[in-house]
Structures are given as structure tokens and as C-alpha cells.
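The listed protein sequences correspond, in order, to chains A and B.
Sequential numbering of the first sequence, starting at 315, is according to the working numbering.
Sequential numbering of the second sequence, starting at 315, is according to the working numbering.
These are calculated hints, taken from the structure and not from any lab test.
A couple of the hints might just be wrong.
Distance windows between CB atoms, simulated [as the list claims (entries may be wrong)]: (1) A:S607 with B:E398: 31 to 41 Å; (2) B:G567 with A:A446: 37 to 47 Å; (3) B:G549 with A:R384: 45 to 55 Å; (4) A:S523 with B:V353: 58 to 68 Å.
Just so it is clear, CB atoms sit at the ideal spot from N, CA and C, and this is done for glycine as well.
There are 2 protein chains.
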Amino acid sequence: MRVLIIGAAGMIGRKLTARLADGTPLGKPVEHLTLVDVVAPSSPPGFPAAELRTADLSKPGAATGLLDGRPDLIFHLAAIVSGEAEADFEKGYRVNLDGTRNLFEAIRQQSGYCPRVVFTSSVAVFGAPFPAAIGDEFHTTPLTSYGTQKAIGELLLADYSRRGFLDGVGVRLPTICIRPGLPNKAASGFFSGILREPLAGQEAVLPVSEDVRHWFASPRAAIGMVLHAATLDSGPLGWRRTLSMPGLSATVGDQIEALRRVAGEKAVRLIRREPDPAIQAIVGGWAQNFDASRATSLGFTAETSFDQIIQAHIEDELGGRIPVSA
Amino acid sequence: MRVLIIGAAGMIGRKLTARLADGTPLGKPVEHLTLVDVVAPSSPPGFPAAELRTADLSKPGAATGLLDGRPDLIFHLAAIVSGEAEADFEKGYRVNLDGTRNLFEAIRQQSGYCPRVVFTSSVAVFGAPFPAAIGDEFHTTPLTSYGTQKAIGELLLADYSRRGFLDGVGVRLPTICIRPGLPNKAASGFFSGILREPLAGQEAVLPVSEDVRHWFASPRAAIGMVLHAATLDSGPLGWRRTLSMPGLSATVGDQIEALRRVAGEKAVRLIRREPDPAIQAIVGGWAQNFDASRATSLGFTAETSFDQIIQAHIEDELGGRIPVSA
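Hey, can you work out the whole structure from these sequences and the hints?
Here it is, written out as C-alpha cells:
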């Protein structure tokens with residue numbers, strides 16, 4: 315099967331590529347893999363013949379060239395993140411909306427072609443006030459431009475699917491935790507930082523109170539969701555093509571207790587409380603809990619405890635051992 | 315106050331213009347009125363100095379020129395209808411999505427400017443399956459390209475409002491009944507036709523069964539909704555800027571009984587039953603009932619019986635008398 319990954323240089327893109335090299339998670343061998351991003355993606359181990367492309371979908375015509383090989387499966391992961399889309403209004407709409415629409419349009423203009431398109435959306439399509447658990451029929455009223463652009467992408471995905479131009483499946487990913495790599499300035503950064511840094515023997519700052527609740531899945535679970543979206547029978551979806559993914563509803567306190575169980579008190583002591591009312595206010599508007607019945611019934615899965623999320627990080631990022639406890 | 319009506323040549327646009335000429339429904343006098351459509355709007359009685367413009371918002375730059383006078387209030391009513399947007403995919407996206415986005419962008423690019431923008435959306439943003447009554451938090455999963463384009467317009471309206479570029483209020487209008495004018499080929503046409511034609515002494519065809527239920531408001535009520543959206547305090551809306559409008563949930567049987575009460579058996583006998591399974595199937599996917607609590611609490615109103623809807627037609631379109639009973 316021929317696979318195209320757009321946004322291949324990002325965290326999900328790199329992990330997805332690595333996973334595709336490890337067995338046949340799509341059920342069929344990947345005969346041709348094209349990796350695309352605005353910066354050159356790196357050549358992945360396991361795919362010596364992967365085609366590496368640099369392209370900006372928001373540029374007219376850029377998407378068309380990516381379809382030359384008629385990929386059977388397209389992962390559309392490319393987006394600028396929430397903070398950047400909020401800071402740069404025009405860039406957010408150009409990359410996240412025009413880029414997505416240009417891709418769907420380029421697919422539509424190929425005759426006799428209807429690839430599976432997996433679109434990564436986000437819980438940012440929802441905006442407070444929320445019910446106790448956000449169900450599958452709750453409306454999308456985003457409170458960021460990023461969330462707006464993702465909600466529009468979902469609508470386009472459904473309409474282009476209904477019209478037979480593509481076979482789209484959208485996944486609204488939970489907040490990914492523990493995000494590997496360096497600390498960043500995103501308002502959500504501390505959710506990963508308060509676990510990742512202590513597990514590496516480093517100090518971390520906690521800017522909110524321990525009762526803050528949010529919706530999580532590990533990077534490993536997110537890759538599982540994206541792969542399941544690539545292979546499931548889209549018939550039962552009807553034209554409601556985007557699904558809220560399962561996840562774990564947990565408080566910061568739950569995170570800390572799991573860290574204590576997995577890595578001990580010494581790790582927990584590396585978390586320094588430094589309340590930041592601005593971050594507390596932002597995070598207070600985020601989704602806390604979902605009833606993801608529809609996705610669950612279709613076979614999507616996520617972790618059910620923060621211990622599992624931490625364990626996945628130790629296995630996937632730390633080579634199976636915790637430096638701090640050494 | 316300075317008012318701009320885009321889509322002024324359509325049914326709502328013409329009735330809105332006429333209503334603006336009749337007293338001060340906006341609470342303040344209209345000092346300047348600009349009427350815009352893709353075809354030249356006609357000069358309205360009551361506004362001898364109205365500025366008549368021809369413009370296609372989907373053309374780059376066309377929207378900017380309409381903002382020269384810095385209107386305080388913009389009615390954005392322009393759209394191609396459901397059937398046309400379904401038949402011509404590209405035109406639908408060009409007019410209904412690009413046109414709307416171009417308008418909002420042109421407004422954003424004016425510095426120090428934040429006009430009230432009233433956007434007419436539609437119950438077509440919803441797609442079956444439905445709950446018994448569609449509440450204010452039900453998700454938008456349109457089953458037409460038109461509904462998709464309107465749902466995207468709602469998202470843009472909210473985001474541009476949140477960012478402070480405009481002060482948007484969206485109204486999801488019920489199916490307008492009795493729509494004046496000639497019969498048309500729209501799947502929904504019979505809802506008006508089975509009343510309008512008999513009231514005018516003409517035969518009408520009923521292609522569906524009498525238990526078909528749908529959501530209605532008169533043209534007069536729709537104008538009232540659009541005017542209320544123009545003047546209400548948008549603060550209580552937060553960033554949920556589009557509201558499902560109140561309406562009347564009624565069956566075809568209810569319509570016929572009301573016709574009998576208002577115009578007598580002779581009128582009812584002019585309805586000829588000619589079942590059309592294709593139309594029955596289309597109409598079966600449409601919204602039947604709403605719980606429009608939010609709009610109602612904000613002062614939006616509609617008719618509560620089909621007798622009132624028929625009476626509004628007799629008063630507004632037939633000069634107060636029913637030809638058939640003559």
C-alpha cells in the first residue's frame with residue numbers, strides 16, 4: 315500500500331513513521347512511503363526508500379504534486395499549534411484552514427480517486443461551559459482560532475467524504491502526555507513537564523492547583539488511534555466522520571500520585587509549585603472529561619491510569635529505566 | 315445609523331429593506347442604506363437615497379469596497395441555496411464559504427472598526443439522526459454542502475467576534491413558510507405551495523404523507539429575528555454567537571387543518587396528493603423539532619400556530635383577503 319504522511323516532521327509524524335517500520339500495523343505492507351513537511355523530514359530507519367518532500371500545503375498547487383503516486387492512505391497531521399495560531403491569526407488560517415482545504419481540493423480534482431484520509435483534530439474544538447462529560451453529540455464552540463480551524467477541517471472532511479471525493483476519518487486527540495522533548499512555553503506544557511522532568515532527575519514547575527482536571531492519552535496511544543483510523547471500516551461512521559477519542563480524565567493530583575507510585579517520593583519532590591493565575595485561567599476553560607462511547611465502540615483505546623501513561627514514557631523514551639531512581 | 319445589506323435582492327433582503335422603511339425597527343433612524351447583491355437590487359420605496367451596488371463577494375477585493383462608508387450594521391444574507399450548492403460544488407464553496415470569509419476578512423482589515431454583523435444561517439447545519447427536539451448544544455453535522463458552508467460561516471463568525479474584529483450574531487432560520495412568489499422545484503417547496511396555491515385559488519401538489527413534521531416560521535417572523543439580532547446586546551452570547559431560532563414544529567396534517575380553519579374546505583380540496591418517494595426520503599432527513607430555549611430567553615419570537623403563519627401571509631402578501639373564498 316502507498317502511504318503519504320503530511321506533517322511528518324512533527325512528534326506524531328515521527329512516531330507514526332517509526333511505528334510503520336515496525337511490523338505491519340496497517341495489516342498490509344507499506345510499499346511506498348512519502349514523508350512531507352514544511353521542513354525536510356528526516357529519513358526514517360526501516361524505510362530506506364522513503365520519499366522525503368518539502369511542501370507547504372497553503373501554497374497554491376503544492377498539494378497536487380503530492381498526489382502523483384496516488385497514495386491509498388493519507389495522514390494529514392500538519393498544523394501550526396494553538397499558541398501560534400492565536401498569536402498569528404493570518405498564519406493560522408493559512409496553514410490550518412487553507413492548507414487542509416487545498417489538500418482536500420487536490421484530492422477531489424483527481425478523477426476516480428478516493429483515498430482514506432486520516433485527519434488529526436483536537437479537543438480544542440470544544441469550548442467551555444461543558445457538561446460533566448462531553449458526549450459524542452456536543453456542539454463544537456471553540457475558544458481559540460486553532461480550535462476553529464480544526465472544527466472547520468472536520469466539517470470539510472465530512473462533506474468531501476459524503477460527496478465521495480475522499481474517505482475521511484477524523485480523530486479528536488486528547489492532550490498528549492507525556493510529550494517527549496524539551497520543555498516548551500505552551501500553556502499545557504506543565505502537564506508533561508511535571509512528569510517528564512522529574513523522571514529525568516530535573517526540577518519542574520507546576521503553575522496550577524492540583525485539582526485541575528484534563529483529558530490525556532500517551533503518544534503511544536495517539537499513534538494507535540491514528541493507525542486504527544487508517545484501517546477501520548468507515549461505513550458505520552455514516553457522515554459523522556470525526557470522533558472524540560477515548561482518554562483518561564485525571565487531575566494534576568492524580569498525575570503526581572502516579573509519579574509517586576512509579577518513581578517514588580524523590581521524583582515528586584522535584585515538582586516546584588509556582589502558581590500562575592494566567593495559566594490557571596487558560597487551563598480552566600479546557601475540556602476535563604469526555605464520554606467517548608462512539609470511538610470506544612469502534613475499537614479505539616487509550617490508557618486507563620496515569621501509571622500506564624508514565625510507564626509508556628519510560629518504555630518508549632527512557633529505554634525502560636528511570637534515571638532519577640538510579 | 316449606517317446599514318449595509320448584502321444579499322438585498324433575495325426574499326429576506328427585500329422584506330428587510332421594506333421593514334426598515336416602515337418606522338425605526340432598529341431603534342435609531344437609518345441615515346444611510348447600502349443594498350448589495352450579485353444582481354442589481356431594486357430601489358426601495360421609503361429609501362430614495364439608498365445606494366444600490368452590484369458585487370460578488372467571492373471575487374477578491376469586492377468586499378473591501380462595500381465598507382467605504384463604515385456601516386455600523388451589516389446584514390450578511392447572501393448565499394446560494396441548498397439545491398444549487400449541492401448541484402454545483404465549486405460554486406457553493408465559492409459563494410457561501412469564500413464570500414463570507416472575504417467579507418469577514420475585509421472587515422478585519424479595517425483598523426478600529428467592529429460593526430455588528432448579522433449572519434443568516436440555517437437549520438441545514440443539522441443532520442439526522444436527531445433527538446426528539448434539537449437543543450442549543452446539539453452538534454452540527456450537516457448532510458448538505460450548503461449546511462456545511464453555513465456551519466463553517468458560524469464558526470468564522472464566532473472566531474472573528476472573539477478576536478474583536480466584528481460583533482457577530484448568527485440566526486439559524488427555520489424553513490420559511492409561506493414563502494411568497496411562484497412555485498419552485500426545491501424539495502421543500504411543497505410546504506409553502508400547499509398553502510400558497512390554494513389560498514390563491516390554485517391547485518397544489520403534496521408529494522409526502524401528512525405525518526411529515528418540520529420546523530417553520532413566517533417570512534414576517536424571520537424578519538423580526540434578523541432585526542432582533544441586529545439590536546440585541548451581544549454580551550450574554552459569549553462566544554456562542556449563532557442561535558437556533560424559535561419556530562413552529564408542525565406536520566403537513568397540521569398545515570392542512572390550519573388551512574381548513576382559515577380558508578375553508580374549498581381551499582383544502584385544491585391540494586392534490588401525488589406521493590414522491592424521492593422527496594419523502596429527502597424530507598425525512600430534515601430537522602423536525604427544536605428546543606430553542608436560548609434564543610427564546612434572549613427575546614426571539616416566532617408563530618405558535620399555523621393559523622398565525624397563514625394569517626401573516628394573507629395580511630402581508632394578499633392584502634388581507636383570501637381570493638379563493640371570494
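So, going through the hints one by one against the coordinates:
1. The beta-carbon spacing between S607 of chain A and E398 of chain B, approximately 37 Å, falls within the hinted interval of 31 to 41 Å.
2. A hinted range of 37 to 47 Å for the beta carbons of G567 of chain B and A446 of chain A is consistent with their spacing of about 40 Å.
3. Take G549 of chain B and R384 of chain A: their Cβ atoms lie about 52 Å apart, and the range 45 to 55 Å holds.
4. A C-beta distance of roughly 60 Å is found between S523 of chain A and V353 of chain B, which places it inside the suggested range of 58 to 68 Å.
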